[in-house]
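Chemist: Fit chain S to the given chain L structure using the hints.
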Amino acid sequence: MTTSELEVTRRPAAADPPRRLPILAERVVAPFRRGTPPDPRPATGFYTDTTVCIGCKACEVACKQWNQLPADGFAWTGNSYDNTGGLSATSWRQVKFIEQFDGAGAGHPDRWLMMSDVCKHCVAAPCQHACPTGAIIYNEFGNVYIQPDICNGCAYCIAACPFGVITRATIDGHAHKCTLCFDRQRDGLVPACAKACPTASIQFGPVDELLERARSRVEELHRRGETDAYLYGDRPGPTYSSLNSFYLLVDRPSVYGLPETPVNPWLHMQGDYLRALVSGLLSLAALVAALLLGGAHR
Amino acid sequence: MTAPMNMDQTQQATVVGYESRPVTKPPNWHGLVTLDMVLNNLSTGLFLVAAVGELLDPVAFRPLAPLVYPLVLLFLLGDLVCLVLDLGDPKRFHHMLRVWKPSSPMSLGTWVLSAYAVPVTLLAAGSLLPFAIGGVGLDLVRRALLAVGAVLAVAAAAYKGVLFSTTAQRGWEEARWMGGYLINSALCLGAAEMLLLATLSGHEAAMLDPLRLAARLLLALNLIAIMLLAKDVRGPLSAARGPDGIASLALLAIGAGVILPFVFVGASGPVGVAVALGLMLVGAVAVRSAIVQMPHRLAEGRTVARHLT
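Keeping their order, the protein sequence lines are chains L and S.
Using the working numbering, read the first sequence as starting at -7 and increasing by one per residue.
Using the working numbering, read the second sequence as starting at 2 and increasing by one per residue.
Keep in mind the hints are simulated off the structure, nothing from the lab.
The structure presented is a predicted model; accordingly, all values stated were derived computationally and were not measured.
A hint or two may mislead.
Estimated spans, in silico, between C-beta atoms of each pair [said to hold, decoys possible]: (1) Ala207(S) - Ala116(L): 55 to 65 Å; (2) Ser115(S) - Asp200(L): 37 to 47 Å; (3) Val60(S) - Ala281(L): 18 to 28 Å.
C-beta: ideal position from N, C-alpha, C; glycine also.
Chain L extracted, bound-state conformation:
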């Protein structure tokens, strides 16, 4: 017999799992418990073909609706039709509108560029590297996932992200971003945004398949005369890993609000520690020398 949603509230308390510890102790201990990690699956991601985006914002709506994200209020930004303003803790998709008219496109004919932006689910994600609580993990699909019950809102991931994706919610103080519909994927469903996209601008699937599809699309566009088409984030660069959410673009990345050459902040870490160590040793040597020369060691 199935239980309807209305019946859930009437369930006897005995149906709940027995609580082993008082609430406060449970609160302290629970984050330290470890479950068994699931077996890894083929990495999944998004391939966003910006040439077929029509700016309908169905992805934004589907994302908000599925993930039950609260409204952000409403304000005219003055930036074309983009009144979302940016990715945030409560907006995990943002459709960007670029109006290239009256020569604004640097040699291109007048045109609209539209792109649905989202977390890049970096293969080597600086946010995951930064996270001191272990809240940010790679899940079994290779997606970068923030465990909402672990994050304590330290905001280091926000500082580390070179794409400006993550923000901290004012509601609960925790960091939030696209989960790549982890819950839907586990149930064998396509993420809500990809499902809602009417032009297949947002495509979801195993990254290998997406890459194959995207590369043949670039070739096709080149054959049809759109020689500026290229993939952003499909392969690792000298300063950054590849992205599991990558884009087909027809203009420079900065036109779409993406960094031209993202840099992983961790490339400098060893050198920075070394500089700190050198400074510390020199300063300590100065202190010891002063104390010895000044006659402290009598």
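Modeler: Same frame as chain L, now just chain S:
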């Protein structure tokens, strides 16, 4: 019927797009983070000077222990309170300790601060409870605590600098010498604090002179550290503050923070030394605050020149 668009509005309408907008988002780190760094360095610097001094000359430095280590602990507690309050969800502060992740400077810093708190607390308790001190065995334990604490204090003083420089934020990501500056600045503050405590306790010149020399040597190194840090961040810093802001910052960081204390640490009375420490604090706060504010100022558009990367 709508009014026709004038030229200004037309020009404004063409400035839409994403190219001139900052890509990254600065985290909500402001005054508490500056205060946290200052308290951290007041604690670690004082501990380092006291520990090194006591290991080299226990006769001169140990009498100051009842003052020094409780003060070190007090600064550390203040630092920890700032760190907890700055979290989005302070009730989850203990989540920091659920993983050991030295590849993350914040995780490393959390563990280092936690470990540093152990010798500091024991030494503070030992200093306040005279019956706990005495005997060869306890003396060895005390020296071990000082040595271990000193190593941890170096890491605790410096980690925050690396934490800032390993981000994607404009100004912070260029600050290669931030960790180097912080550890040196901590020792400068520590030498001045120790000098003030020693002066207030009426110690003889034989102890004060080495501390004055140490403070001056460390201030000279501090000037180099400031220059190296300024060289790293000069582009975004000038974009964020403008020429007037840079001039006033230099006045505070170098004039008030280095040159004047260099003179005042020579004072024989506690007032002069207190002035030196106060000026050092002004310089230390100015540098830390300027660094913390940089990406916020740039993101908020309070720029006076385009920051070209």
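Chemist: Is 18 to 28 Å respected by the C-beta to C-beta distance linking Val60(S) and Ala281(L)?
Modeler: With Cβ atoms ~20 Å apart, the hint holds.
Chemist: Quick check on a hinted range of 37 to 47 Å for Ser115(S) and Asp200(L), using CB atoms only.
Modeler: Check passed, 43 Å falls within 37 to 47 Å.
Chemist: Just tell me: holds or violated, for the beta carbon distance of Ala207(S) and Ala116(L) against 55 to 65 Å?
Modeler: Given a distance of about 56 Å, which is inside 55 to 65 Å, the answer is holds.
Of the numbered hints listed earlier, not one is contradicted by the structure.
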